[in-house]
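A.B. asks: Here is how the chains run, residue by residue.
2 protein chains.
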Amino acid sequence: MKKVGILGGGQLGRMLLQAAANYPVETFVMENDSNCPAAHLCQHFIMGDITSFDDVYNFGKVLDVLTIEIENVNVEALQKLEAEGVTIYPKPAILKIIKSKILQKQFYKDKEIPSGDFIITNSIDELKDHLHFLPAVHKISQGGYDGKGVCIMHKPEDIINGFDAPAVLEKKMEIYKELSVIIAVNSKGETAIYNTVDMVVDQHLNLLSYQISPAVIPEKLLWKAEAVALMVVKAFNSPGIFAVELFADKEGNIWVNETAPRVHNSGHHSIEACYSSQFDMLWRIMLDYPLGNTDHILSAAIVNIVGEQGHTGSAHYEGLNEVLAMDNVFVHIYGKSQTKPGRKMGHVTILSNEPQELLHKANQIKNILFVKTV
Amino acid sequence: MKKVGILGGGQLGRMLLQAAANYPVETFVMENDSNCPAAHLCQHFIMGDITSFDDVYNFGKVLDVLTIEIENVNVEALQKLEAEGVTIYPKPAILKIIKSKILQKQFYKDKEIPSGDFIITNSIDELKDHLHFLPAVHKISQGGYDGKGVCIMHKPEDIINGFDAPAVLEKKMEIYKELSVIIAVNSKGETAIYNTVDMVVDQHLNLLSYQISPAVIPEKLLWKAEAVALMVVKAFNSPGIFAVELFADKEGNIWVNETAPRVHNSGHHSIEACYSSQFDMLWRIMLDYPLGNTDHILSAAIVNIVGEQGHTGSAHYEGLNEVLAMDNVFVHIYGKSQTKPGRKMGHVTILSNEPQELLHKANQIKNILFVKTV
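Line order of the protein sequences matches chains L and P. Reminder that position 273 of the first sequence reads as 273 in my numbering, one-by-one numbering, no gaps. Reminder that position 331 of the second sequence reads as 331 in my numbering, one-by-one numbering, no gaps.
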């Protein structure tokens with residue numbers, strides 16, 4: 001059996017390991033918390049710091065294959081492991097580009113992939129030279145995650161909230177839709193594309209409201225979204241799973257926002273909605289099996305379950321019984337004992353080919369289910 | 001979080017634990033092999049003998065809830081644990097009846113549940129008094145499993161192959177169909193019934209060939225099958241998951257063959273085919289959540305992957321790549337390192353609403369996929 005390691009032990013690792021149990025594979029996880037969501041679902045849990053060269057190198061040197069569930073890992077150790085024969089998904093060179101918002105934006109520019117205009121900044125002071133560029137979004141180059149490390153700047157006064165560190169200032173565009181296209185790439189370079197996901201954002205709160213897949217948008221836009229996402233993945237030229245997040249503007253143009261070189265929140269519906277989920281697919285890639293079938297069985301919506309504002313401590317899932325009483329609804333609680341505001345604690349998938357039912361149930365769930373403290 | 005234990009660490013435990021990762025629960029497994037299929041998927045694995053009073057009692061006394069994945073466990077320890085407040089699915093009293101083929105047949109008779117005629121025997125010698133009862137099936141009362149402990153007797157000479165131990169001699173009937181109905185029962189006594197499964201047997205080899213669900217049989221027979229299965233479960237009067245195996249004869253009568261008070265091979269398709277799988281359902285019952293939706297999303301077939309004759313040793317899955325290249329096919333390998341003839345090593349589920357496609361792919365898989373030694 002192949003020995004496969006995952007750097008990071010969060011919910012993505014957890015769902016990867018649920019899928020791993022369908023295949024003959026020996027699994028390893030490294031994380032600095034032995035109570036993390038994935039710790040108990042692997043054969044071998046190793047305590048360690050995924051950003052430390054020594055920890056990552058020592059973890060990886062006994063493995064055949066290594067993957068990540070978060071970008072913020074020690075890439076230098078991965079490069080050394082790759083040189084020594086460990087197969088890594090995605091390639092460390094690609095991870096290095098993606099980890100840095102600056103390198104990532106530069107990459108799209110170099111490859112002539114449509115992505116919004118941007119300016120590189122290294123300090124708040126430098127931002128003062130680019131006031132003409134507002135409204136814009138300031139994104140820290142390294143370590144941003146789940147909305148952290150992002151600052152929207154409408155007017156000159158906003159720049160004091162920016163980052164006094166290497167960052168990109170991206171021209172704010174009028175967004176018609178936020179989309180995500182997940183693409184699987186195997187070692188032969190063959191690809192399998194999942195249906196485009198419509199990430200419906202609450203414009204008022206600037207928070208993801210729910211996701212619908214396949215996205216119900218004009219066909220031409222779907223084609224463009226797939227074409228641009230495929231262009232990104234071909235340019236990266238690495239096997240693995242890639243979630244390409246896109247903006248569609250009101251003129252029907254598609255722009256790359258950013259790419260995650262791993263399984264992604266926007267693909268969680270694929271567990272129930274697709275013949276081969278994104279998690280199943282990554283195992284197929286890592287174990288050298290044929291790519292799976294990305295077709296939808298039914299259309300799906302996802303609602304994320306996030307920690308309620310004002311609640312930090314032991315998690316209690318208010319309304320869980322009501323949600324579990326709903327038909328064609330699938331609950332995934334990630335097993336994090338502690339909640340805090342905005343923390344991703346789980347998700348709910350709704351299956352139906354009736355768009356109205358998807359929306360109705362998504363809204364119902366958002367009004368029923370809350371993560372609070374006990 | 002509730003502490004829930006599973007006695008037995010085979011594939012049923014493995015699939016239960018895959019489903020458990022969707023819920024907030026702390027999981028425990030006891031088995032006498034630390035490399036068993038379920039060992040690495042729980043929070044707490046305890047080495048122990050599930051037939052030993054002390055081992056089962058010590059395992060269970062720290063738990064809130066206990067369930068089984070095999071009947072052959074120490075029931076006396078479960079009865080003591082139940083008396084001390086541990087909730088056990090199914091009730092130990094029911095398990096005691098079901099564990100014994102003699103008590104089980106007697107139970108159906110007492111409750112006027114249709115089940116074939118039978119005679120209790122205690123030795124091969126006693127069989128000689130019942131030659132008029134042949135053709136018949138001799139089943140050992142305790143510990144039979146997966147076709148072991150069953151002997152078909154056509155003529156008087158066959159009785160020497162019978163069991164020199166407590167057993168039942170069941171009148172052989174002309175079987176039109178072997179069916180299975182899985183029913184979930186929660187603590188309030190509410191039930192949820194899965195669609196009837198057609199267990200298609202290779203009459204030549206007397207081996208399960210494949211399973212189709214929902215069974216494509218006359219509607220009247222489906223109603224009868226559900227009614228009889230529900231009668232069985234109501235008579236047992238215990239929460240849990242029950243697989244009621246039935247015979248349909250050529251006259252359209254339904255007879256109970258036997259009942260498994262646990263998740264069952266005939267329900268594995270429910271992982272992909274149903275909104276709530278049998279594994280998901282048992283967690284809902286054990287965690288006091290509402291019962292799930294047993295509806296089919298699509299029709300399904302299952303092919304079991306069993307160890308090839310003449311191969312004992314490290315398992316190799318010949319043809320796995322070809323099967324994984326098929327669309328709408330789901331592979332489950334149970335992670336047993338050693339194969340032996342007839343050992344259940346995995347299963348494959350096929351989803352389609354085209355009955356011809358189900359049959360065609362089931363046959364294809366049976367002709368492609370073999371478990372051999374390396």
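Errors might be hidden in some of the hints.
Claimed, not checked - Computed footprint of chain L on chain P; a stretch qualifies when at least three of its residues, placed anywhere within it, have a C-beta under 8 Å from a C-beta of chain L:
| hint | segment |
| --- | --- |
| 1 | 15-25 |
| 2 | 35-46 |
| 3 | 281-294 |
| 4 | 332-342 |
In case anyone wonders, no lab produced these hints; they're calculated from the structure. Bear in mind that the values here come from a model prediction, so they are computed numbers and not experimental data. Where a beta carbon is used, it is the ideal one built from N, C-alpha and C, also for glycine.
A.B. asks: Give a verdict on every hint.
C.D. replies: Now the hints, each set against the structure:
no.: 1; hint: 15-25; result: holds (count 7)
no.: 2; hint: 35-46; result: holds (count 4)
no.: 3; hint: 281-294; result: holds (count 5)
no.: 4; hint: 332-342; result: holds (count 4)
Comparing the model with each earlier hint shows no violations; every hint is respected.
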